[in-house]
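Let chain A serve as the given structure and place chains B and C on it in line with the hints.
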Amino acid sequence: MLTLIWKDLLIELRTKETVASLLLLGLLLLVVLSFAFDPTSPLRKEAAPGVLWVAIIFAGTSGINRSLLREREQSCLQGLLLAPVDRGTIYLAKTIANLLFMLAALCVLVPLFIFFFNLPFVTTIVRLLPVLLLAVTGFSAIGTLFAAVSLQTRAREVMLPLLMLPLSTPLFLGAVEASAALLAGDPLGAVAHWLQLIAVFDLVFLVVGWLTFEYAVVD
Amino acid sequence: MNLSYLFAAYALVWVAVLLYVTSLARRGRELEREITELRALLAERDSRPADTP
Amino acid sequence: MKTKTSLTDTLLPPVTILVMGAAMYMALVGAPNDADQGPVQRIFYVHMAMWLATFSAFGLVGLASLLYLVKKTEVWDRVGRAGAELGLLFCTLGLATGSIWAKPIWGTWWTWDPRLTLTLVLWMIYAAYLLLRNLVNDPQQGASLAAILGVSGVADLYLINRAVYWWRGIHPAVVVNKEGGTGLHDPAMRAALILSLLAFFLLFTWLLRLRLQSARLQGDVDRMRDRLAPGY
Chain A
1 MLTLIWKDLL
11 IELRTKETVA
21 SLLLLGLLLL
31 VVLSFAFDPT
41 SPLRKEAAPG
51 VLWVAIIFAG
61 TSGINRSLLR
71 EREQSCLQGL
81 LLAPVDRGTI
91 YLAKTIANLL
101 FMLAALCVLV
111 PLFIFFFNLP
121 FVTTIVRLLP
131 VLLLAVTGFS
141 AIGTLFAAVS
151 LQTRAREVML
161 PLLMLPLSTP
171 LFLGAVEASA
181 ALLAGDPLGA
191 VAHWLQLIAV
201 FDLVFLVVGW
211 LTFEYAVVD
Chain B
1 MNLSYLFAAY
11 ALVWVAVLLY
21 VTSLARRGRE
31 LEREITELRA
41 LLAERDSRPA
51 DTP
Chain C
1 MKTKTSLTDT
11 LLPPVTILVM
21 GAAMYMALVG
31 APNDADQGPV
41 QRIFYVHMAM
51 WLATFSAFGL
61 VGLASLLYLV
71 KKTEVWDRVG
81 RAGAELGLLF
91 CTLGLATGSI
101 WAKPIWGTWW
111 TWDPRLTLTL
121 VLWMIYAAYL
131 LLRNLVNDPQ
141 QGASLAAILG
151 VSGVADLYLI
161 NRAVYWWRGI
171 HPAVVVNKEG
181 GTGLHDPAMR
191 AALILSLLAF
201 FLLFTWLLRL
211 RLQSARLQGD
221 VDRMRDRLAP
231 GY
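Residue numbers (this note's numbering), protein chains in the order written: chain A, 1 to 219; chain B, 1 to 53; chain C, 1 to 232.
Among these hints, one or two may not hold up.
Think about it this way: if two alpha-carbon atoms lie no more than 20 Å apart in a straight line, the pair counts; the simulated SDA-like pairs of lysine to any residue are [stated by the list, open to error]: (1) A/K7 - A/R72; (2) A/K7 - A/R70; (3) A/K7 - A/L92; (4) C/K72 - A/R87; (5) C/K103 - B/N2; (6) C/K103 - B/Y10; (7) C/K72 - A/W210; (8) C/K103 - C/D36; (9) C/K71 - A/V218; (10) C/K72 - C/N134; (11) C/K71 - A/R87; (12) A/K7 - A/D86; (13) C/K71 - A/E214; (14) C/K72 - A/G88; (15) C/K103 - B/S4; (16) A/K7 - A/P84; (17) A/K7 - A/T124; (18) C/K72 - A/L211; (19) A/K16 - A/D86; (20) A/K16 - A/T3; (21) C/K103 - B/F7; (22) C/K71 - A/L211.
Calculated directly from the structure, the hints in this document are not laboratory data.
Chain A on its own, in the form it takes in the complex (with noise of 0.2 Å):
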């Protein structure tokens, strides 16, 4: 498995569509996002978790597509399915791989998220990063299930979200919840139960994708 990760990041390297793709969306709305927002107004610090949420979900739903997208496009899966790998291996590969993918791209989005809402650095990010971790873990594992669903499809690109965000409202509301909670200096146990939560929503896509991957893979 490790080196289907590795053949990931390697071809990601080569050509950075993935992180670009993500860390660019992501840029945008974080910015248009804040021109939601009156500079001055209140509403614009408790709307920031929200924003930030936002931006990261759809950035990374396009992110996520791509990846596959690319992979289908240059038939690299036509050629895995060939081979005699598991095809929940497969998909944890990926899952890991887009993680990666979605991990570094938040190494830029964040501080910059940090930036326009003029939030102390140091602190925001040790306070966010359980959060991130698994959330962006979470998105992963269900994103990568149903960008392999969504590009059987003939709406593609659209389906994905389609697909993917109703049922990630434990993820979405979770993460936000949480944030909020965090930023505004509350403890890592005021906001166990967000956590918990969204830990095993992980847990319960990293087993229905590595499950059911094969189903939406076959040719």
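Same frame as chain A, now just chains B and C:
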């Protein structure tokens, strides 16, 4: 007196259910018709000697 | 299977109609007016029934999806699809009746009431399921893909429920709960509710059978078309 809301809610439910049932029934009739047509076509084709393998 | 179900087929419609008649009577006439909300409260009886149907359908879709993935027999795909259609229908009606009820009572068409929100999310999942089925070229592939969604939905349901209730700061005691805090002590009211739930459940079952029958016919048509000319 809010009775209009009550009426609206119940009416909506019943109209929707009846619409669904009628569309199902219509679909069913179309399918039955299609099946008879296809059966006839199949019977006709099977009674002919095979043209091409 | 066709002859074995004929007993259910003959009994179901009249029983449904009978129970439905009793339910409607109780709901609209038999049960007393609610002390606080007045006659509008009667929407509750039909609203809860929509709720029951939606969840039954959801469970059915989840189960059928799982069975399809495991067994790959067409039957389960048909059940899944029929369940999703009916689920979407009753879910829409649930949202509509809930909204119509909310307007006079709470003064607004929509509230982010956790149950309404949950129903909205479910609605989107149902809609996605049907959209997915229709947008895939190969029907067998479409069945598998939809099944993945079906299974995911059920696996996710509890989590969505928790998330939505916590979001609104409410801790859910029981998922199926009475709205508006009405105690439902009056036996006539309880009877109305139970009859209504039963009646719509029977209706749901009846519609499901009709839909499945339609799907079976469709399957026959497709098979015959294939025999006539593959790809016709």
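Structure-based check of all given hints:
| no. | hint | verdict |
| --- | --- | --- |
| 1 | A/K7 - A/R72 | holds (15 Å) |
| 2 | A/K7 - A/R70 | holds (13 Å) |
| 3 | A/K7 - A/L92 | holds (13 Å) |
| 4 | C/K72 - A/R87 | holds (18 Å) |
| 5 | C/K103 - B/N2 | holds (10 Å) |
| 6 | C/K103 - B/Y10 | holds (15 Å) |
| 7 | C/K72 - A/W210 | holds (18 Å) |
| 8 | C/K103 - C/D36 | holds (15 Å) |
| 9 | C/K71 - A/V218 | holds (16 Å) |
| 10 | C/K72 - C/N134 | holds (19 Å) |
| 11 | C/K71 - A/R87 | holds (18 Å) |
| 12 | A/K7 - A/D86 | holds (16 Å) |
| 13 | C/K71 - A/E214 | holds (14 Å) |
| 14 | C/K72 - A/G88 | holds (19 Å) |
| 15 | C/K103 - B/S4 | holds (11 Å) |
| 16 | A/K7 - A/P84 | holds (17 Å) |
| 17 | A/K7 - A/T124 | violated (34 Å) |
| 18 | C/K72 - A/L211 | holds (15 Å) |
| 19 | A/K16 - A/D86 | violated (27 Å) |
| 20 | A/K16 - A/T3 | holds (19 Å) |
| 21 | C/K103 - B/F7 | holds (14 Å) |
| 22 | C/K71 - A/L211 | holds (14 Å) |
The structure fails to meet hints 17, 19 from the earlier list, while all remaining hints are met.
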